[in-house]
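Undergrad: Chains as they are written, first to last, in our numbering: chain A, 1229 to 1719; chain B, 45 to 351; chain C, 26 to 296.
Treat the hints with caution; some may be incorrect.
[Claimed, not checked] So, partial list: chain A residues that the calculated Cβ filter (under 10 Å) puts toward chain B:
id	residue
1	A1250
2	K1355
3	A1511
4	Q1515
5	G1519
6	P1547
7	R1555
8	E1581
9	G1585
10	E1588
11	E1592
12	G1594
13	D1664
14	F1689
15	T1692
[Stated by the list, open to error] Straight-line distance between alpha carbons at most 20 Å, and here's what the computed SDA-like set of lysine to any residue pairs gives:
id	chain 1	residue 1	chain 2	residue 2
16	B	K78	A	G1557
17	A	K1665	B	R59
18	B	K336	B	E317
19	A	K1665	B	V67
20	A	K1553	B	R59
Quick caveat, the hints were computed from the structure, so don't treat them as lab data. Where a beta carbon is used, it is the ideal one built from N, C-alpha and C, also for glycine.
Here is what each chain is made of, one letter per residue.
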Amino acid sequence: MALAKRPTTDLTTQTPFQYEAAPEAVDHVRIAGSYDLFIGGRFVAPHSRKRFATVNPATEETLAQVAEADEVDVDHAVKAAANAFRSWSRLDPGRRARYIFRLSRLIQERARELAVVETMDGGKPIKESRDVDIPLAAAHFFYYAGWADKLEWAVPNRRLRPLGVAGQVIPWNFPLLMLAWKVAPALATGNTVVLKPAETTPLTAMLFAEICQQAELPPGVVNVVTGAGQTGSMVVGHPEVRKVAFTGSTEVGKLIRRQVAGRGKRLTLELGGKAANIVFEDAPLDQAVEGVVNGIYFNQGHVCCAGSRLLVQESILEPLLQKLKVRLGTLRVGDPLDKNTDVGAINSKQQLEKIEGLVESGIEEGAEVYQPPCELPARGYWFRPTLFTGVAQSHRIAREEIFGPVLSVLSFRTPEEAVEKANNTPYGLSAGVWTDKGSRILWMAERMRAGVVWANTYNRFDPTSPFGGYKESGFGREGGLHGLLPYLDVD
Amino acid sequence: MATAVTLAHLGSLMRGVRTVDQVGAEERAASLSKRSIKRSSKLWALDLAIRCMDLTTLEGADTPGKVAALCSKAIRPQPGDASIPSVAAVCLYPSLVAEATRHLRGSGVRVASVATAFPSGQSFLDVKVAEARQAVAAGADEVDMVIDRGAFLSGDYQKVYDEIGAVKEACEPAHLKVILETGELGTYDNVRRASILAMAAGADFIKTSTGKVQPAATLPVSLVMMESIRDFHHETGRLVGFKPAGGIRTSKVAIAYLVMLWETLGAEWMTPERFRLGASSLLNDVLMQISKERSGSYQSDDYFTKD
Amino acid sequence: MAERLEVRKTYKLYMGGQFVRSESGRSYAAEGFNVPRASRKDLRDSVRAARAAFPGWSARTAMNRGQILYRIAEMLEGRRAQFLSLLGGGRPAGRQVDAAIATWVWYAGLTDKVAQLAGTVNPVAGPYFNFTIPEPTGVVGMVAPEEPPLLGLVARLAPALCGGNAVVALASEPLPLAALTLAEVLATGDLPPGVVNLLSGRRAELLPWLASHMDVNALDAGACTDPELAAVEEAAAGNLKRVVRQREVQPSPQAVTALMEFKTVWHPIGV
């Protein structure tokens, strides 16, 4: 279509649409220079006198100094929680509910601040912390608040008792959300908490401690002790901790299992995964591509249930890969605070090195690597969205959890083969199935040895929806009615 | 064109068109609409929005006077500000094409005429063909036809296909935009089917809506149509244009369409040759937003012409 | 007339639907008989049989599993006298056998209710249908308590089967005959081969292999001593098998779900 004699402007057609930087404002956020421990309702200096830095992975700048809890600090926290347990467990359940409702509301009120801090401390895109992490955390507290005075209907005809002090160790990929998944059901069921946030992302937990104060939560009901793995191990191992809840790697999960063996502690573990996202030839392809992208590049692939293995029916391998590569080219990698960023910073240098190592192994083992061209910032920890084709089941990248934005593509011919390949892993956290055929969805869902099956969608979360793994992905469920059970003794 | 592709089993081919998951498509559209387009990129997008605009009036009460005013606005949307480009075209009923052609001669702004028993499409084929032919004879550069939704929904894909082919032939060399009237198609699966049918039958553009049916253009419908265009291009090499129309009244929404276009179809479509925004009241909002970006102050209606 | 000479029975292990001697050829004396002393290889073969049986068994309809569990109750009822004498007769023996029969009947009627009691439809905040259902964990290892030798085993076995698991069970070490005789009940019911495997032998010898076996998904250690439990939990870390301590109380749905996983399925709702 020739457009004759159009008035010309300085803008020629077909220039790329360049999105100007759209950074989220940070002027409303106050990060203190240093954070104490939160024990017995107060911020207290650590007995250890030690502190460590928490770093913004997008800039490598230190955000704050955080206390490193030692044995004495952990003991204080557990004692405070044990003290608080006596009254908290006997508190009128309706009052318990109201405190938890308050926590939910306070998270909503401070949502923007929490989102910004989450992004600065962890490197995840602001659009995710703003639209996913923080709203879901608030929703989680709201959901469990409502359970607090309805427990006798959750498990009818049984006597229910809270367990006591729950020692909770959470990961760095969804810091506040994992806090909510742990703390909300524990409090609703009448337990008290000693929480150990991940050492690379402690800040929103410290803000949550402030929120506990603002909610006038009775002192000691929630305690936050920061530190590294050592501190976590002290929490888990403390004799007065009756319940241990851990989310993290399968490797550490096994260590904890061994550490608490024979100690009579109740244990739930939410661990790693190597989920298959299975696309059949009749799938709604464009939505499947979105699901695949969301499955592995959401939160830089730092997701235990990430769809890190793409199993594609061979008859549509070519068109799917073509679409996927085009889509990868539109992912915006960079400043996590930019509202248009799709893929943020890798959480830590250590994690970046792990991803690099595994990607290296994929190349060495003969898989073909694809990365869209994109510029990475000069400072900070970054990794391009990566896709491997020609992957065999025996490759490390098809077996080990990479926990990064790296997708391994395999093909299959029949539904049976898809099932066999999908289940051929020690993990069993999640699976994705894409097909337009209803009976096949149910057939596949039945056969997936995984705790969550997303059919024609992926990476959806909701407080009412139980989440947790089969096999080495851990045990116990978080979310929903089932999420109450790990925090209750049922007689 | 109708004979270029002989599809003995068009019905079964249509039913075999890949399905669309409603929830997934709507979520993707929603996520694209959250892009934050600020400052220079906003100005760039707003400029493009004007250059891609089909300034539209489709009222029973349209008169030569109304058309004259619209044409004047189309050529020079912001009097005294030469940096504001003309719109792509004016879009009106066939009986007003001659009037518009007279006003727009030499301006570069094109004349688009709706045709084929717009908006319902419920008439005889020879009437529709004749209407399109006359509109072109009267000076229309572009014809916006409607498909026969009744035929489509009853499964008579052949009829829809043949009609598009016949109108395409009748309106050469004018360009043909085929309106699917997605608000009447019921599902995204049908939107996708109709898109592919229209493109196969020879459409230069596919267009969402007449503006006379609710819902008119929506972002998810547009996403499904853009993805159909992308697939069609991948398979045939043909670049088919896209025109959302109806209900696009704010700059924010217009920018959302451009973002979707950019991230779904890419640079080759970021031009009035392959993208149009059909709108009657969008232009002033775009002008106000441009003024606001340039001046830093929020604007008042009183400073923008109402035509 | 000479007194009738009794035909004695050789007690055997029950593996993969077969009655076999220990591959080790060993036996030990218990309750006046030489009973097989299973080896770790017998245990390994039992796990293999259970794994092979699991897909078919777990895929049975809940109703069908209920029928089969009820059939076991019928078979046990028919051998009531045999078990009474095996358990030493008298009222305690009678109570134990009757409770064992009642347990099978109770769980037979529960198979098709577990999902209704423990499953949920979850009202997520979005256009998705979302439900959670219980599914069997897989291959379950279990240790029967020393006493009561029949009921102690049945109270664990029945809920495990009710949920659709396949089982490898260690019989009471000092009193293994009830378990080995129960195998005859199971074999004459309609239970598919390999769904239950019963081993007699030295618990101290077999338990570590069971606890560390990478293809055992869960272990009911309710009958373990505290030191045994600690060792079991430590060994279980290898593949993170679930360690449950089934309490010997009234039958309950919780006894079934303790050996089940929960699977949550999402699907969009749209046109």
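Undergrad: Does each hint hold? Answer for all of them.
TA: Status of each hint after checking the structure:
1. A1250: holds (4 Å)
2. K1355: Holds, because the Cβ-Cβ distance from K1355 (chain A) to chain B comes to roughly 7 Å (cut-off 10 Å).
3. A1511: Given a least distance of 8 Å, the restraint on A1511 (chain A) holds.
4. Q1515: Holds - the Cβ of Q1515 (chain A) comes within 10 Å of chain B, reaching about 3 Å at its closest.
5. G1519: holds (7 Å)
6. P1547: For P1547 (chain A), the interface hint holds, since the closest Cβ of chain B sits about 8 Å away, which is under 10 Å.
7. R1555: holds (9 Å)
8. E1581: violated (31 Å)
9. G1585: violated (32 Å)
10. E1588: Violated. Min distance 31 Å.
11. E1592: violated (33 Å)
12. G1594: violated (29 Å)
13. D1664: Status holds, d = 5 Å.
14. F1689: Status violated, d = 14 Å.
15. T1692: Hint on T1692 (chain A): violated, closest Cβ of chain B at ~17 Å, above 10 Å.
16. B:K78 / A:G1557: Satisfied, since the Cα-Cα distance of roughly 19 Å is no more than 20 Å.
17. A:K1665 / B:R59: Holds, at about 14 Å.
18. B:K336 / B:E317: violated (28 Å)
19. A:K1665 / B:V67: With a Cα-Cα distance of about 16 Å, the restraint between K1665 (chain A) and V67 (chain B) holds, given a limit of 20 Å.
20. A:K1553 / B:R59: violated (28 Å)
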